[in-house]
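There are 2 protein chains.
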Amino acid sequence: MKRISLASALVPFKAYLNIFDCLWTERIGRGKYVEQLEAKACEFFNVKNCIAVGNGTLADILVLMAMKIKINDPSKHQVVMPALTFVAHSNAVIMAGLTPVFVDVGDDLQMDQDQCKQAVNKHTLCIFPVHLLGVECKIPKVRVPVLEDCCEAMGGITKKGKKFFGTQGTAGTFSMYPSHTITTGEGGLILSNDDEFAKLIRSLHNHGKVAGSNDFNFDHIGINAKMTNLQAAIGCAVFDTIDEVNQRRKENVILYNFILGQDFYSAAPHGYPVIYKDKEQRDWALEVLGDRGIEARKLMSCVPNLKPYQELGFGVQGYNAQRLADCGLFLPLHQRLTKQDIERICNALIRP
Amino acid sequence: MKRISLASALVPFKAYLNIFDCLWTERIGRGKYVEQLEAKACEFFNVKNCIAVGNGTLADILVLMAMKIKINDPSKHQVVMPALTFVAHSNAVIMAGLTPVFVDVGDDLQMDQDQCKQAVNKHTLCIFPVHLLGVECKIPKVRVPVLEDCCEAMGGITKKGKKFFGTQGTAGTFSMYPSHTITTGEGGLILSNDDEFAKLIRSLHNHGKVAGSNDFNFDHIGINAKMTNLQAAIGCAVFDTIDEVNQRRKENVILYNFILGQDFYSAAPHGYPVIYKDKEQRDWALEVLGDRGIEARKLMSCVPNLKPYQELGFGVQGYNAQRLADCGLFLPLHQRLTKQDIERICNALIRP
Chain A
15 MKRISLASAL
25 VPFKAYLNIF
35 DCLWTERIGR
45 GKYVEQLEAK
55 ACEFFNVKNC
65 IAVGNGTLAD
75 ILVLMAMKIK
85 INDPSKHQVV
95 MPALTFVAHS
105 NAVIMAGLTP
115 VFVDVGDDLQ
125 MDQDQCKQAV
135 NKHTLCIFPV
145 HLLGVECKIP
155 KVRVPVLEDC
165 CEAMGGITKK
175 GKKFFGTQGT
185 AGTFSMYPSH
195 TITTGEGGLI
205 LSNDDEFAKL
215 IRSLHNHGKV
225 AGSNDFNFDH
235 IGINAKMTNL
245 QAAIGCAVFD
255 TIDEVNQRRK
265 ENVILYNFIL
275 GQDFYSAAPH
285 GYPVIYKDKE
295 QRDWALEVLG
305 DRGIEARKLM
315 SCVPNLKPYQ
325 ELGFGVQGYN
335 AQRLADCGLF
345 LPLHQRLTKQ
355 DIERICNALI
365 RP
Chain B
15 MKRISLASAL
25 VPFKAYLNIF
35 DCLWTERIGR
45 GKYVEQLEAK
55 ACEFFNVKNC
65 IAVGNGTLAD
75 ILVLMAMKIK
85 INDPSKHQVV
95 MPALTFVAHS
105 NAVIMAGLTP
115 VFVDVGDDLQ
125 MDQDQCKQAV
135 NKHTLCIFPV
145 HLLGVECKIP
155 KVRVPVLEDC
165 CEAMGGITKK
175 GKKFFGTQGT
185 AGTFSMYPSH
195 TITTGEGGLI
205 LSNDDEFAKL
215 IRSLHNHGKV
225 AGSNDFNFDH
235 IGINAKMTNL
245 QAAIGCAVFD
255 TIDEVNQRRK
265 ENVILYNFIL
275 GQDFYSAAPH
285 GYPVIYKDKE
295 QRDWALEVLG
305 DRGIEARKLM
315 SCVPNLKPYQ
325 ELGFGVQGYN
335 AQRLADCGLF
345 LPLHQRLTKQ
355 DIERICNALI
365 RP
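Chain order of the listed sequences is A and B. All you need for the working numbering is the position in the first sequence, starting with 1, plus 14. All you need for the working numbering is the position in the second sequence, starting with 1, plus 14.
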């Protein structure tokens with residue numbers, strides 16, 4: 015029985031050629047493909063600056079570090095974000111020395127707008143919404159800077175205004191992990207139309223180095239989050255497939271919707287969510303899928319209730335996010351699934 | 015005129031084959047080469063555990079995060095370290111939410127032993143010496159845990175006791191950046207004989223995930239510092255060259271010593287240091303070398319006096335480390351330099 019996995023890494027032939035070039039010229043650390051990938055992203059997203067980084071988590075850490083330096087007010091240390099998300103998103107907040115403020119989400123994965131507005135106060139540094147599973151997260155109208163986590167939503171476009179995800183706030187972060195639209199193994203991108211902010215990130219991702227300096231001069235306390243030429247060599251090859259991959263995944267969503275009678279929509283589909291009435295049924299469904307060789311996963315986590323966050327005092331009660339994490343799962347949606355695969359998944363699926 | 019660079023990335027033919035295998039099987043994120051590289055390192059260093067990570071800076075951050083969790087005492091937040099080092103080393107301390115305590119170094123790059131002992135107090139979490147330029151840093155005898163930064167010293171062995179660098183304390187960190195003994199573009203390794211500590215690091219480098227769990231269960235607040243299969247594919251190929259590369263570099267040191275009348279020794283040579291009587295002469299020497307197509311660099315930084323550290327109140331006065339950073343430089347030493355290259359460098363060098 016063919017195993018159906020959640021992710022499928024696409025490696026076009028062009029990637030082989032680019033990689034061979036890196037190896038042959040021995041440019042496996044820095045190199046031209048990093049610049050080419052950044053230029054490609056600027057053109058595709060119609061954005062002024064792109065910084066390619068090692069992975070999406072590092073992208074999140076960097077935009078937060080940069081925001082902290084930009085705002086330069088230690089009393090502003092809170093980052094308002096959804097309670098239902100992938101833990102890397104909130105871990106980045108802690109790693110940047112900031113405090114997450116978790117807002118509940120609805121079944122539509124949208125942050126509770128009222129709670130969001132209430133959460134913003136004089137200590138708020140920024141809000142940091144996420145387009146989870148590629149589903150557009152409407153940016154709450156608040157008077158603080160916006161960072162957009164688009165790690166699961168490469169190439170997504172807003173319904174209203176037709177703007178690319180990642181271009182609505184000060185900066186947007188992307189991941190190119192194998193489960194995402196395009197992959198470079200590990201990899202991340204940061205987009206920003208704010209030149210100063212982008213310059214700051216470029217410094218921070220290279221140990222805080224003074225731009226253009228080849229000496230040991232440093233402006234900031236930074237990290238090493240540089241993307242390698244090898245990663246970028248693949249990135250340049252796969253970047254051209256973003257629209258095609260998202261289109262294929264959208265077709266899969268339509269098929270799922272038709273079979274399961276749901277009306278899910280995602281601008282950059284990452285996984286197909288199914289919500290059960292209780293945890294037992296969801297866990298049973300996951301077990302049955304697993305037994306039939308189908309990889310599916312729980313619907314992320316209600317982060318404030320994860321053990322390490324509980325220990326830091328972030329625990330919440332009565333959040334819908336916890337219900338979604340307990341009762342939800344998501345199904346494979348990648349570009350290589352066939353109609354037969356999706357039918358097989360739906361046949362194996364215990365209907366909610 | 016041939017340019018002589020500080021670094022030279024060696025990409026053996028075996029790396030091409032391994033990389034092709036990764037691309038063909040589409041295992042560019044995780045994969046077997048990561049495990050193979052870790053096993054190779056355990057065997058080579060005769061150490062119980064190895065975790066391959068994205069780069070050396072992330073390795074440093076991870077061992078500090080793990081030490082903080084292991085000791086589990088918020089009053090212990092100080093990390094005693096040398097003032098002369100590459101900034102990533104101390105940035106890692108800040109990123110882990112800890113406080114660096116900078117100890118001066120002598121012209122032999124050794125931490126001042128008395129100052130080191132005085133620096134250790136009830137707030138000390140650990141000491142974090144570095145084998146800068148591959149020169150053995152003797153571990154001060156203090157009653158706190160030791161972490162060893164071996165980012166510039168892959169394969170070095172202590173003079174006394176013949177122990178591998180990185181195996182003397184709780185954990186050791188390594189970098190595989192192109193300027194180092196072996197390179198994977200970017201890349202790092204963490205060694206530890208402490209099984210619990212290694213397990214903790216393995217969790218922390220993968221978002222704090224519970225070992226073996228495929229679900230969204232997390233024990234700790236972690237980061238993403240995973241090495242990719244592509245990096246490891248090169249790593250497995252270059253790992254076998256460590257001794258050979260270090261041997262070639264040691265021969266270069268002997269040649270430099272002979273021509274320049276110095277008696278420098280490094281267990282895992284990274285750069286050949288020259289100290290001038292003042293900054294003007296050093297800067298002039300760097301300029302002349304640059305004009306003649308020879309890449310050389312300042313001798314790291316006196317980190318507490320770097321702008322971002324000054325701003326945090328770490329500034330020091332009268333440190334020999336500052337004199338070394340001001341008056342020192344290091345010359346290329348890599349495995350591909352010819353006798354003629356070294357003669358050309360020495361001819362271009364303004365003698366101190």
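These aren't lab readings, by the way, just hints derived from the structure by calculation. Glycine included, each C-beta is placed from N, C-alpha and C at the ideal position. Incorrect hints may appear among the rest.
Said to hold, decoys possible - Counterexamples of contact, computed for chain B against chain A with all Cβ distances above 12 Å: (1) Y191; (2) L218; (3) K223; (4) Q276; (5) C316.
What the hints assert, rightly or not - Straight line, CA to CA, 25 Å or less: simulated DSS-like cross-link-like pairs of lysine-lysine: (6) K321(A) - K90(B); (7) K293(B) - K321(A); (8) K46(B) - K16(A); (9) K223(A) - K46(B); (10) K46(A) - K46(B); (11) K321(A) - K312(B); (12) K223(B) - K312(A); (13) K16(B) - K321(A); (14) K16(B) - K46(A); (15) K223(A) - K293(B); (16) K28(A) - K28(B); (17) K321(B) - K82(A); (18) K293(A) - K173(B); (19) K321(B) - K213(A); (20) K28(B) - K223(A).
Structure-based check of all given hints:
1. Y191: violated (6 Å)
2. L218: violated (10 Å)
3. K223: violated (9 Å)
4. Q276: holds (22 Å)
5. C316: Given a closest Cβ separation of 10 Å, the condition is violated.
6. K321(A) - K90(B): holds (23 Å)
7. K293(B) - K321(A): violated (53 Å)
8. K46(B) - K16(A): holds (21 Å)
9. K223(A) - K46(B): violated (35 Å)
10. K46(A) - K46(B): Violated: K46(A) and K46(B) sit about 28 Å apart, past 25 Å.
11. K321(A) - K312(B): violated (46 Å)
12. K223(B) - K312(A): OK: K223(B) and K312(A) at ~14 Å, within 25 Å.
13. K16(B) - K321(A): violated (58 Å)
14. K16(B) - K46(A): holds (21 Å)
15. K223(A) - K293(B): With Cα atoms ~21 Å apart, K223(A) and K293(B) stay inside 25 Å; holds.
16. K28(A) - K28(B): Given that 25 Å is the threshold and the Cα spacing comes to 21 Å, the pair holds.
17. K321(B) - K82(A): holds (17 Å)
18. K293(A) - K173(B): Violated, because 60 Å separates the two Cα atoms, which is more than 25 Å.
19. K321(B) - K213(A): Answer holds: K321(B) to K213(A) is near 18 Å, not above 25 Å.
20. K28(B) - K223(A): The given pair, whose Cα atoms are some 34 Å apart, is violated under the 25 Å limit.
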